[in-house]
Every structure is written in structure tokens, then in C-alpha cells.
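One-letter residues, chain by chain:
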Amino acid sequence: MRFAVLADVHANLEAFRACLDHARARGADRIVLLGDLVGYGADPGAVLDLAMEEMGRGGLALLGNHDEAAIGTGATGMNDSAAAAISWTRAKLSETHRRFLGGLPLTIEEEGCLFVHADPSAPAKWRYVTDSESANRSLQATTAHATICGHVHRPALYSLGDTGKLIAFRPVEDAPVPLTRGRRWLGVLGAVGQPRDGNPAACYAIIDTHPMQVTWLRVPYDVATAAAKIRVAGLPPGLAERLFVGR
Amino acid sequence: MTREVGGFTVHEVLHEGGMAVLYRVTHPDHDLPMLMKVPRLREGEDPAAIVSFEMEQMIMPRLAGVHVPRFIALGGFEADPFIVMERVPGPALSIRLRDVPLPAEEVARIGAAVADALDALHHQHVVHLDVKPANIIFRETGEAVMVDYGLAHHERLPDLMAEEFRLPYGTVPYMAPEQALGIRNDPRSDIFSLGALMYQLATADLPFGEPQHLSGVKRRLWRDPVPPRRRRSNIPPWLQEVILRCLEVQPDARYPTAAQLAFELRNPSQIALTERAEKTRRDGFLTVLRRRLRRDAIQPRAFATARQVQSAPIVAIALDFTQMTEDLAAALRNQAYKMLASRPGARLACLNVLKTTLLSIDSTLDDQGRNRHVQRLVELQHWARPLGIAEGRATFHVLEGSDVADAIIDYARSNRVDHVVLGARESSLTRRLLGSVSGRVAAEAPCSVTVVRSRRTD
Chain A
1 MRFAVLADVH ANLEAFRACL DHARARGADR IVLLGDLVGY GADPGAVLDL AMEEMGRGGL
61 ALLGNHDEAA IGTGATGMND SAAAAISWTR AKLSETHRRF LGGLPLTIEE EGCLFVHADP
121 SAPAKWRYVT DSESANRSLQ ATTAHATICG HVHRPALYSL GDTGKLIAFR PVEDAPVPLT
181 RGRRWLGVLG AVGQPRDGNP AACYAIIDTH PMQVTWLRVP YDVATAAAKI RVAGLPPGLA
241 ERLFVGR
Chain B
1 MTREVGGFTV HEVLHEGGMA VLYRVTHPDH DLPMLMKVPR LREGEDPAAI VSFEMEQMIM
61 PRLAGVHVPR FIALGGFEAD PFIVMERVPG PALSIRLRDV PLPAEEVARI GAAVADALDA
121 LHHQHVVHLD VKPANIIFRE TGEAVMVDYG LAHHERLPDL MAEEFRLPYG TVPYMAPEQA
181 LGIRNDPRSD IFSLGALMYQ LATADLPFGE PQHLSGVKRR LWRDPVPPRR RRSNIPPWLQ
241 EVILRCLEVQ PDARYPTAAQ LAFELRNPSQ IALTERAEKT RRDGFLTVLR RRLRRDAIQP
301 RAFATARQVQ SAPIVAIALD FTQMTEDLAA ALRNQAYKML ASRPGARLAC LNVLKTTLLS
361 IDSTLDDQGR NRHVQRLVEL QHWARPLGIA EGRATFHVLE GSDVADAIID YARSNRVDHV
421 VLGARESSLT RRLLGSVSGR VAAEAPCSVT VVRSRRTD
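If you read the protein sequences in the order shown, they are chains A and B.
Under the UniProt record's numbering, residues 1 to 247 are what the first sequence spells out, in order.
Under the UniProt record's numbering, residues 1 to 458 are what the second sequence spells out, in order.
Everything labelled a hint here was simulated from the structure, so no lab data went into it.
Being a predicted model, the structure only gives us computed values, none of them experimental.
C-beta: ideal position from N, C-alpha, C; glycine also.
Be a bit skeptical, because a hint or two may be false.
[Said to hold, decoys possible] In silico contact screen, one side only, chain B against chain A (beta carbon under 8 angstroms); selected entries: (1) E54; (2) R343; (3) G345.
[Stated by the list, open to error] Beta-carbon label-pair distances, calculated as ranges: (4) B/D80 / A/G27: 53 to 61 angstroms; (5) A/S132 / B/P33: 38 to 46 angstroms; (6) A/V172 / B/P446: 46 to 54 angstroms; (7) B/A304 / A/R137: 46 to 54 angstroms; (8) A/E110 / B/R294: 52 to 60 angstroms; (9) A/V245 / B/D327: 41 to 49 angstroms; (10) B/G142 / A/G56: 58 to 66 angstroms; (11) B/R219 / A/A122: 28 to 36 angstroms; (12) B/V66 / A/R231: 53 to 61 angstroms; (13) A/M52 / B/R3: 51 to 59 angstroms; (14) B/P89 / A/G27: 50 to 58 angstroms; (15) B/P103 / A/S132: 38 to 46 angstroms.
Taking the hints into account, I'd like the entire structure generated from these sequences.
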């Protein structure tokens, strides 16, 4: 099985489409949407329509904190521009979209992989896995051979072996890493719709299950259009500007 | 008695090492000689055996080419893990240790073959980190094959050995000083180990003995080895130059790439000799003391594997004097200058092909032939003089062959050239009659090719 795992699309239709096309060209069997389909970007409706289409083709989707906020009542813990984007988004969603988001699970386990949006040790708390300490907490709390999360917008790979030593690795673009059997692995994806690692190209990953390996990929997309839509929509201009630099 | 593992029939034990056991295996779908490597996972075994086997499982499937045993299969993920790979039939280089000291030409031949193999690995993002006679096997066709990737570093994969263990792993007599400090991503560490190996082949002694503790290994950060010519006075200065340059403490002072080392070993007459070549004794007490006290000043600096390899290309420039105009000669010089200026580690091989016909293949043996050869050499040197390249950084070669394009392509292949530069034929008539050499080289060379043409004025 070849999964294409897309995290943090954030209503960026241009980036989403570019990654889906790329994943199809790479022979992905199933699309996994790792949460935060909406928030920040200007195309929540179109992104959700496309996501539902993928579900119809056997795709999987998870709930993210922005999705939860967009169908809930508040945006607790979010900064001003994120909160502004959430209230803008809320008004754009149809009943179908709300029902779709409301039905998304927090975790899915398939073929030895645990998929989750944020810290897998407490998926509903939306904590970040940003360093060895939080990665260790996550790996201690799970049993899957490979756990894949997003939420951080910066790619990373962690591993825990029998010696108890946590290993951290910064993935290299398009270089498959075998997830060997002797240890357990935690892959943190970059973002499709709002990369923050200094590289403006959209980020997603391909996961092969036999033998298990993960490949981080970068896909250039039409940033100018995505940013222009954010400005026209009247969303905070910083949300458009950051897309050009990937910060 | 045989048993089946993962579809492979397991035959006798070929070798029992400290970290793994090798078995001969066969399989109906594969007709090449194969071995199965199984790690020692018993209670009480070194945990490094498991981790290094994991590294090998990660790295081996990603390697390709003649200098690596062909990877066949991984298996036993749930129970007993194994790797199946090609069994390279030739003997390991360790068998030659019986015959040391070897003649200089033999040391250079072996050294160049191993450097070729290391260059192939470095280009695949791998530093071997355990270059020693037992890990080098020669194919019947002469190529060196590097085996055992348990201690290797792959710069695009997590380095489990580095993360799991604070102590460096490696083979003490051959280990580079920076390895003793825990640096694992510098391809020049392999060049150091190859230098130690050539030292041993040439002198019959190990350059740093066999220290039992890490502190003894760290000594090589400040204590230089006895110059090889002091041990064996018949070792030529060029070989001492090469060996001692490989054994420099600072990676920056060694050959920048294994390809350049191989190149020097194949062209001993063009090696620029420095004071290393004539050194007759080790550095004096005060020099050593100064180095020892200023430890921070000699902390070797690591370079990422691919970046280091790319920083020092071998550029070959093919010059055809029968077609040369002053404009084209200048345009070619300008191109060479641009390619060398930005990369201090780059070197230039200036080539000219002396066309031989099949009938007079040995004409170069007579005086006239020798004169032609020498004349071409001085023309190459004359062309290069305005570039002002330091001695040793540019070399000059007159190749012979009945087909110019073939000669250039073969040269590029066997010398691991990174970039070929050549001039376009000026006249379209000759090109039509003789075919385009540049076109064939561009299509068939195993590297980048730049064709230079002086701008036409209409």
C-alpha cells in the first residue's frame, strides 16, 4: 500500500491540488488527509469539496484543531490572525461541510500506521511535537510501528529503539527512509498549505507499507494566486505574505 | 544439512565475525553466488551489533554499482533478520598483507582501485568509515568492492550509530582522527583510512600502531607517523607525498575527493611534490607539543558528504590544435577559468588525442612518434600557461586512439571525470565529413559536457 499523507492544507486550494496531482503521479493508492483542512486560506469550501471527493475514492481524513474550531463556537488558544481566519471560515461553510468535518475522527490506524493530527499521546489536546522531549512522550504513549502526525508545519522524524535512546532526524526531500522493524517511528509532516520551514513549496509524504518507508516530498505551487485570494477575501495580509517565504 | 530461510536455502557458514555470521545461500530465482548476513542477537552480545545491522539494512538497498555487493533481499522483519547479497568471489585485500611491503606501483594500483570504490560510495551519499583490508574485495575484473556497511554513514538517512552510541566505532589502526572525535559525515575520513592502508602496504607497518584505547587513537590528532621512506628507503617520494597527504590531521589538507586521489595515483609523474615527499623524520618535539597544546586549532572540520564531493570536481578539457583558432583557445581558457575559480578544490586535466591509425598503431614508439607526443604536451602546457594554475592542479595528457570521441569518453570514465569541456569544430564542412566529436562526447560521456564555441560574427 502506498499512502500519500497530506497535513495542514489550511484552505489552500492551489497547494492542495498540486500535491494531489503529484501524489497521483507517484502512484499513491490512498490519500490520507491529516487534519486542518481549513483555516488561514481563502478556499475552505473548494478544499472540503475536493476532500470529500477523495473520501469517496477510499481516502481517509482526520480532524484538526482548525477544523474543530471552524465548526465549534470558539478559537481558544489561537493567535489573532488564526482566530480571524476561523471566524471568516465559519461563515463560508455549508451544512454539508460542517457535517463532514463534524464526522472526522481524531485518529485512524491502518496497516501498522497510526495517523493523528497532533501529539498522539493526547490527540484532542492539540499539543505540538516539536522536539525530542515531546516526541519521546508521543512514542511512549503509542504502540504502532509508525505514527504520523502534522500540526507543526515543519518536517521531522523521530525514532525509539530498544536502548531507549530517542533519535531525531531532519528528513531530506525525496530521499526514502526505511522505517526498520527494530524500533518505532514518529514522522512529523510539513504543511501542504502553509509551510513554515523556510521552503515555500508545499510538503507532503508518501508512505509505503511493504517494506515500510517514508518519503517527504516538496511540490511547488502557484503561491501568487493563493496569496491574492487571501488578500481579496479580506483575511489578515500576513497570512498571504508568509506563503511566499514559507515562514 | 541445509535449512530454508525466507525462500533461501542456507548452506555452510562462510565467516563468523564479531557482529554477524555469513552463510552461503542459494535461491532458484537468483543464479549468482550469494551470502546471507545474520546479526548476532543473543543475550549479552554488544547492542552495537543490532544497531549496526539495522544501519546496514537501511543503507545496502540504496547502493548500486560495481563497487558494492549487489543487494538481493532483506528479511525476517518479525523474527530473525537477515540481508542477502551477492557474494563477491575474489579474496579480500587482507590476503595481500602476507606479501607486504609491496612495490610502489602495486600500492598505487591497489590504492587507485580502492579510491575509485570510495568515490562511488561518496557520490551515493555514503561514508564507509571502516576502510580496512578485510572490507575490500577485488572482482576478477579488477574493481574493488567495499563490503560491510554496519558502521557507515548515509547522509540522507538517520544515523543510528551516531545517535545511539557516544563512543566512535571503527577499526583503530585505520580510523581518521575526526572519527575519534565523533564526526561521521566527512568523506575525507575514508581517504585518511586509505592512506593508513597504503602506508601499511608500502612499509609493512601500521602508521599509528594498534592502540587499545580511544585516548591512543586521539594521539594521531597531534602525533604524525614516521615518514614511509624512513621505514623503507626504496619508496619513491611521490608515494610518500600521496600517503602523507592522505594522513593529514586536517581533512582540508587531504585530497578533497577520492577521485582526485585515484587520479594522482594513476599519474605519479605529475604529482606536485611538497616537503611531505622528502620528509625523513617525524615532526620535532616542539611542533608536536604546540599541536597538542593548541588542540582546538586542529579540530578537524566536517563537510557534508555530497557537498564535499561536489566542491572538488575533476574537469577535463579536450583541445584539438588542428582546429584551434586564437578566439576558440581564449574561449576555452575562459571556460576553464570560470570552472576553477569558484572551486579551489577543482582540478583540470588537459587532454589532447593523438590519432593513431590501425595500421601504424605503434608509430609512437619511433622517434617521430615520440616527438609528436612531446610536441602535443608542450602545446597543452602553452595553452594553459595564461591561466596561471598552481603546479599539480593542472595535468597534461596526450591520449592515443583511432577515434577521438572514444578516447575522450574512455578517459572520462576511467578517471572519474566530473565535467568534460571541449571546443566545437569551426568549419561545418569538416563536421559534416568527420562527424561531430563534441556531439558524440555530449551524448555518451558519463558526466556533464560543455561545448565551447567562439561567438560567430555574421
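Here is what the structure says about each hint:
1. E54: At about 5 angstroms, which falls below the 8 angstroms cut-off, the nearest Cβ of chain A leaves the hint on B/E54 intact, so it holds.
2. R343: violated (23 angstroms)
3. G345: violated (23 angstroms)
4. B/D80 / A/G27: 53 to 61 angstroms: violated (32 angstroms)
5. A/S132 / B/P33: 38 to 46 angstroms: The hinted range 38 to 46 angstroms holds for A/S132 and B/P33, with Cβ atoms some 44 angstroms apart.
6. A/V172 / B/P446: 46 to 54 angstroms: Given range 46 to 54 angstroms: violated, Cβ gap about 25 angstroms.
7. B/A304 / A/R137: 46 to 54 angstroms: violated (31 angstroms)
8. A/E110 / B/R294: 52 to 60 angstroms: Holds, at about 58 angstroms.
9. A/V245 / B/D327: 41 to 49 angstroms: holds (45 angstroms)
10. B/G142 / A/G56: 58 to 66 angstroms: Cβ of B/G142 to Cβ of A/G56: about 59 angstroms, so the range 58 to 66 angstroms holds.
11. B/R219 / A/A122: 28 to 36 angstroms: For A/A122 against B/R219, whose Cβ atoms are near 52 angstroms apart, the range 28 to 36 angstroms is violated.
12. B/V66 / A/R231: 53 to 61 angstroms: holds (56 angstroms)
13. A/M52 / B/R3: 51 to 59 angstroms: This hint holds: roughly 53 angstroms between Cβ atoms.
14. B/P89 / A/G27: 50 to 58 angstroms: violated (38 angstroms)
15. B/P103 / A/S132: 38 to 46 angstroms: violated (54 angstroms)
When each numbered hint is compared with the structure, violations occur for hints 2, 3, 4, 6, 7, 11, 14 and 15.
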